[in-house]
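Novice: What follows is the residue order along each chain.
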Amino acid sequence: AQTVTQSQPEMSVQEAETVTLSCTYDTSESDYYLFWYKQPPSRQMILVIRQEAYKQQNATENRFSVNFQKAAKSFSLKISDSQLGDAAMYFCAYRRVDKLIFGTGTRLQVFP
Amino acid sequence: ETGVTQTPRHLVMGMTNKKSLKCEQHLGHNAMYWYKQSAKKPLELMFVYNFKEQTENNSVPSRFSPECPNSSHLFLHLHTLQPEDSALYLCASSQEGLQGWTEAFFGQGTRLTVV
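Going down the list, the sequences are from chains A and B. Residue 8 is where the first sequence starts when you use this note's numbering, and the numbers rise one by one after that. Residue 2 is where the second sequence starts when you use this note's numbering, and the numbers rise one by one after that.
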């Protein structure tokens with residue numbers, strides 16, 4: 008069975024600094040997709056970034072980038088130049104067919 | 002309205018009540034989902050509807066009853082719930098097909114409290 012593990016329940020970062028959130032997953036499949044979702048206090052899950060497993064190049068979206076290590080089954084999220092609006096719960100997710108399997112989330116606090 | 006809309010935003014119900022959660026998507030997607038989000042637990046997939054047909058029932062108790070009358074609307078009917086059913090219930094939609102798929106888009110959830 009596929010599982011997704013986020014080992015950091017909480018993280019904090021100073022505004023304008025960089026922070027990395029960790030995620031590991033377990034799968035026997037070779038072709039799959041990974042995502043990072045953000046859930047602010049408004050509760051709506053918002054897609055931050057996605058990575059196709061067949062692509063070796065790490066995905067990047069503005070200040071957000073991932074470090075995808077397929078052999079290690081690791082998928083970390085790096086947030087550069089952190090902003091107050093980045094404060095939220097961040098969930099790592101694995102896509103299996105038409106279903107998403109989520110980790111337990113990491114709460115990110117951003118201090119001014 | 003755009004995106005995925007859930008109503009109500011908050012719901013308090015007794016264990017003997019019957020209530021329904023509503024989800025509507027305006028994205029033209031063909032798949033809709035119910036997730037349960039409890040504190041300190043991963044989001045749990047409850048039900049999947051693809052082209053209005055239920056394709057997944059993730060061992061959900063029968064006190065939760067989904068309904069998908071069309072590809073834009075999804076309901077979750079609740080009856081004789083337990084206090085441990087208190088959680089945030091999230092609806093999501095996506096476009097699924099052999100030609101490709103989109104990521105899941107989520108609503109803002111219904112915060113359910115069972116007393």
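Rather than coming from a laboratory, the hints here were simulated on the basis of the structure. Honestly, I wouldn't trust all of these hints.
What the hints assert, rightly or not - DEER-style ranges, computed between Cβ atoms: (1) B:Glu45 <-> A:Asp38: 19 to 29 Å; (2) A:Met18 <-> B:Asn71: 38 to 48 Å; (3) B:Glu45 <-> A:Arg114: 10 to 20 Å; (4) A:Ile53 <-> B:Asn59: 33 to 43 Å; (5) A:Glu24 <-> B:Glu54: 45 to 55 Å.
Stated by the list, open to error - Listed next, the in silico DSSO-like pairs over lysine-lysine satisfying Cα-Cα at most 27 Å (straight line): (6) A:Lys80 <-> B:Lys41; (7) A:Lys77 <-> A:Lys106; (8) B:Lys23 <-> A:Lys80; (9) A:Lys85 <-> B:Lys42; (10) A:Lys80 <-> B:Lys20.
Said to hold, decoys possible - Among the chain B residues that face chain A by a calculated CB cut under 10 Å, a handful are: (11) Val5; (12) Pro9; (13) Tyr36; (14) Val49; (15) Glu54; (16) Thr56.
Beta carbons are placed, not taken as given, at the ideal position from N, Cα and C, and that holds for glycine.
Novice: Each of the hints needs a verdict: does it hold here or not?
Specialist: Results for each hint:
1. The given range of 19 to 29 Å is respected by B:Glu45 and A:Asp38, whose C-beta atoms sit roughly 25 Å from each other.
2. Take A:Met18 and B:Asn71: their Cβ atoms lie about 42 Å apart, and the range 38 to 48 Å holds.
3. For B:Glu45 and A:Arg114, the hinted distance range of 10 to 20 Å is satisfied, since their beta carbons lie about 19 Å from each other.
4. A hinted range of 33 to 43 Å is violated for the C-beta pair A:Ile53 and B:Asn59, which are about 24 Å apart.
5. Separation of A:Glu24 from B:Glu54 is about 48 Å and conforms to the stated range, judged on CB atoms against 45 to 55 Å.
6. Taking the CA atoms of A:Lys80 and B:Lys41, the gap is near 23 Å; set against the 27 Å cutoff, the hint holds.
7. Between A:Lys77 and A:Lys106 the alpha-carbon distance is near 20 Å, which keeps this suggested pair within the 27 Å criterion.
8. This hinted pair does not check out: B:Lys23 and A:Lys80 have alpha carbons roughly 37 Å apart, beyond 27 Å.
9. For the hint pairing A:Lys85 with B:Lys42, the CA-to-CA distance comes to about 23 Å; that is within 27 Å, so the pair holds.
10. Restraint check for A:Lys80 and B:Lys20: the C-alpha separation of about 42 Å exceeds 27 Å, so the hint is violated.
11. With a least beta-carbon distance of about 8 Å to chain A, the hint placing B:Val5 at the interface is held under the 10 Å criterion.
12. For the restraint placing B:Pro9 at the interface with chain A, the shortest Cβ-Cβ distance is roughly 13 Å, beyond the 10 Å limit, so the hint is violated.
13. The interface hint given for B:Tyr36 holds, since its Cβ lies 8 Å from the closest Cβ of chain A, which is under the 10 Å cut-off.
14. Given hint, B:Val49 at the interface with chain A, holds; its Cβ is 6 Å from that chain's nearest Cβ, closer than 10 Å.
15. For the restraint placing B:Glu54 at the interface with chain A, the shortest Cβ-Cβ distance is roughly 12 Å, beyond the 10 Å limit, so the hint is violated.
16. Interface hint at B:Thr56: satisfied, since its Cβ lies 7 Å from the closest Cβ of chain A, which is below the 10 Å cut-off.
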